[in-house]
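Protein chains in written order, with my numbering: chain A, -9 to 162; chain B, -19 to 360.
One or more hints might be untrue.
Which chain B residues face chain A? A few, computed with CB under 10 Å, are given here [as the list claims (entries may be wrong)]:
id, residue
1, Gly14
2, Gln30
3, Ile92
4, Gly93
5, Tyr221
Honestly, the hints are just simulated from the structure, not real lab data. Note that the structure is a prediction, hence the values are computed from the model and not measured. Don't be surprised by glycine CBs; every beta carbon is placed ideally from N, CA and C.
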Amino acid sequence: MYLEEVNVIFIEPCTADANKMRFKAAFSRNISEILPYLNAEIKIAQYNHRTENLTFNQGIKIITLSSETLSVSKIINETDAYEMCDYIKNLINDIYKKRDVIVPLFEMRKKPSVLDIYKYLPKTNCKRCGESTCVAFASKLIVGELQVQQCRSIHENKHDGKLDELKKILNC
Amino acid sequence: MGIYLDNAATSYPKPQKVIESMTNFMMDIGATYGRGAYETAIQSDMLIYQVRKGITDLFHFNDVKKVIFTLNATESLNVALKGILNKGDHVITSSIEHNAVWRCLKTLERDIGITISVVPCSKEGFTNPFEVENAICEDTALVVFNHASNVLGTLQPIKEIGEICRKYKIPFLVDAAQTAGVYPIDVIDNNINLLAFTGHKGLLGPMGTGGLVINWKGDIKPIKSGGTGGDSTYEYQPDYYPNRLESGTLNVPGIVGLGEGIKYIQKVGVNKIYHKEKELLEYAFNQLHEIEGITVYGPQDSEKIIGVISFNLKDKSCDEVAYKLGRQFGIMIRAGLHCAPTAHEIIGTKTTGTCRIGIGYFNEKKDIDFLIEALQKINK
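For reference, chain B alone in the conformation it holds in the complex (with noise of 0.2 Å):
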């Protein structure tokens, strides 16, 4: 086993009980979800609704059945975007997000005629939220920005983003791909309305799961219709939650690996998380700066940023230095463009992408000590 720095891609290792859970359920119980009336099955959406009420514990929220299990982030995007705008609607939105974000918007642009404002941000990815005022029209009809960047880690200002939207009474969607499990995130308190989060990065379950945390009253149109589980001779979605937004048999050993990282976090505390990865960034950035010809990219601080750092050496290619890295070095980080091509744009490397570590809660020292050591070599 080598040194794995791709943790803003997907979180490795894994706890060993979020390992364990799945491999119990599917071996013990393995019923599907609210569909059966067997002993098994009855344990099956009692394990549903202990995440449920852990992501709703996480996040500080208060309505267990408005959490929605999708296969990830990007799903629930596409859940809210798709269910909320409408023809002619205008929507508010960063200039660093990540594809599960933009794509969408632009799909929505294309197909249906939404019109989009892109709110610029500095060179560091920040983003001033009285220009998100600046933008709102009279067609407003939502707001949605990533907590923290992919590409650079920078934080966006979310509470004073969503108390502008409360005030003008805007749903505000947040994606948490990044934040989710290792920065604080009160969804009440940070005005927060819609909160789409994936499984298996920060949170530490498995790929393929992932939700959406609805605090708003408006309705979001399903994108997806089909079995419940209940109320079968009804021929269209029915409207209360979480069955409207969630049809089709759910991953349930996935939601219940993801439980069992959900109880890993808070039992080592969200904020212990955050300092321990705010420690290996400070470390990070002091090191990285000792490396001759190495251009390092965000506010480098780690203040104002989550654990992603980007960087080039000089006169040598991303895909280059992250080749070398994994075969000589056995160090795994990636390269390339990070499905966020807009955030390299304000950064200035579309065309060539940058290197990027992302540290996890299992990260040490030592693991920055090789890196830095492998970069060493490469650079010479």
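Bound-form chain A, shown alone (with noise of 0.2 Å):
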């Protein structure tokens, strides 16, 4: 296995929000190597090669990779985290065993921006999502505070292909 353990180095707890819950874990090794390789998978991800340092969101978690230690905010516990280390090290493994086939990127990608993700929306300022206009959900769709479930109008038929994209763009 390339990566044998992620493991919980701080962690904390008992603050007054859950939702700012975040933790901190140590890499059995360096992965430098395989960062331009999670940055070609992962396409809402930003990653910067001078500073070996990988973002990217999972719903509301903001996930942060560098070459020794991953570092994730808006945990809601303990197994939250847990669970966090075990998907971070499957995926690293996963990208590992199909680096043959993947095309490094070094590069930063440029961030998908409010309009980038406001082109994929109903565009009908329902406000069924409780946002006043579709994009007011944009810009917090891009910032994790809210998720894509909450946009009902999307997940109708009409939409399907849309929605396929806006998933892909954030991730989720």
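Put the two chains together into one complex, using the hints given.
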């Protein structure tokens, strides 16, 4: 196995807001060689090759990988933290296995803008998500404050293709 | 040390690693779970997570957060029954439930006004799944069944009952106190919504450990409120799992020991454990039938039961037989009603009780031979 362990070294419990719990974990080996491959595969990742730092969102969670550590914010509890460690470990090992068929990406990808998100939304301003406009929804979706599931319109059949595209952009 | 044949009450002995892991935890780590940022507290968090994961693997489940730790199967059943049922709800259950289910249901019937349908079973303890379907009505909010009787060992058609529950969208709660660790359980394939298990029987862990696997999206009102380690300014129980149903400090050393029990089972394999116990059951049935005046209850078919055999000797009380086995021969079995009076009603032993042997993975044929020899001497 390429990466044997992802060990939690810091976790912030008992905080006033469960959404603000965060943790840091150490990889059992340096994974810097695999970061460009992760960058190629995770379409919403922001990667800085010079500082060896890769960040992406998963729902409300913000996940940052460096060559030696994993940092995740907005987890709900300890179980969530350890599930995330397992997920990242499996992700890295999978990418390592497939590295011969992946073209590594060393450049920083252009971050999707509110407009990039908005163009896949229904643009009906139906307000069923609780926001007054689809643009407002897109601006909260991009920072993880809202989830794509909260847009009921996009889940209607006629928007199916757009939903898939949006999920790809948001990695969800 | 004598011969232990009371594994249906609790398994004995435990694998050495179960004991060592608990001692090591208390000596070297000793920190609580979910409440600290220092290194040993984080180690404690990781150990608890690994046991939750071991449980999901063992029961072929996929959501680690929906594994709740409790003190035992009784507490798990209380958490589920009292957390789901409301006034006016109808519940369907078997005729051979342990008091862990039965007393809980009767208390809810008296105190909040639920109604209970008890599905009939054969004298061997078999339930026809169609009887469950026939009992379903508009208010049916839950079906609760034991996986195997602790008196007769009879396995219930869990998968078929689960399919019926799924068809009618009724949650299905299974009491796996006698089967977890000794009989294969697949929560998803068996259509089980809630699985209550204990840690100290087939799972080979210590007493004071158990849990509830929740494969259901409905709400379970917490029967306990208190500290969960996070979100402390919020004045009510959190709505996320496992914290919603876990208040107060967990029995971390016990759970660590349970984890080692599960690792042991996974290393050996549940199927291997089941087949060994089945072989011992077959052997025991053949030997018991050599004893004059013995009445053996239940299906007497190792294919249809787990490692439990109830019997009585003619003109001898079960208490006398169990006492003599213990005092004169060092053989440990259980006598009485085994906390399941309704099962004794089915086999006609509610006033007398039965002797019960509970076979475990660490028993051997020679243990059965000693038992038979002792019973023949008591019979004279």
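Quiz item: Of the hints given before, which are not true for this structure?
Solution: 3 and 4
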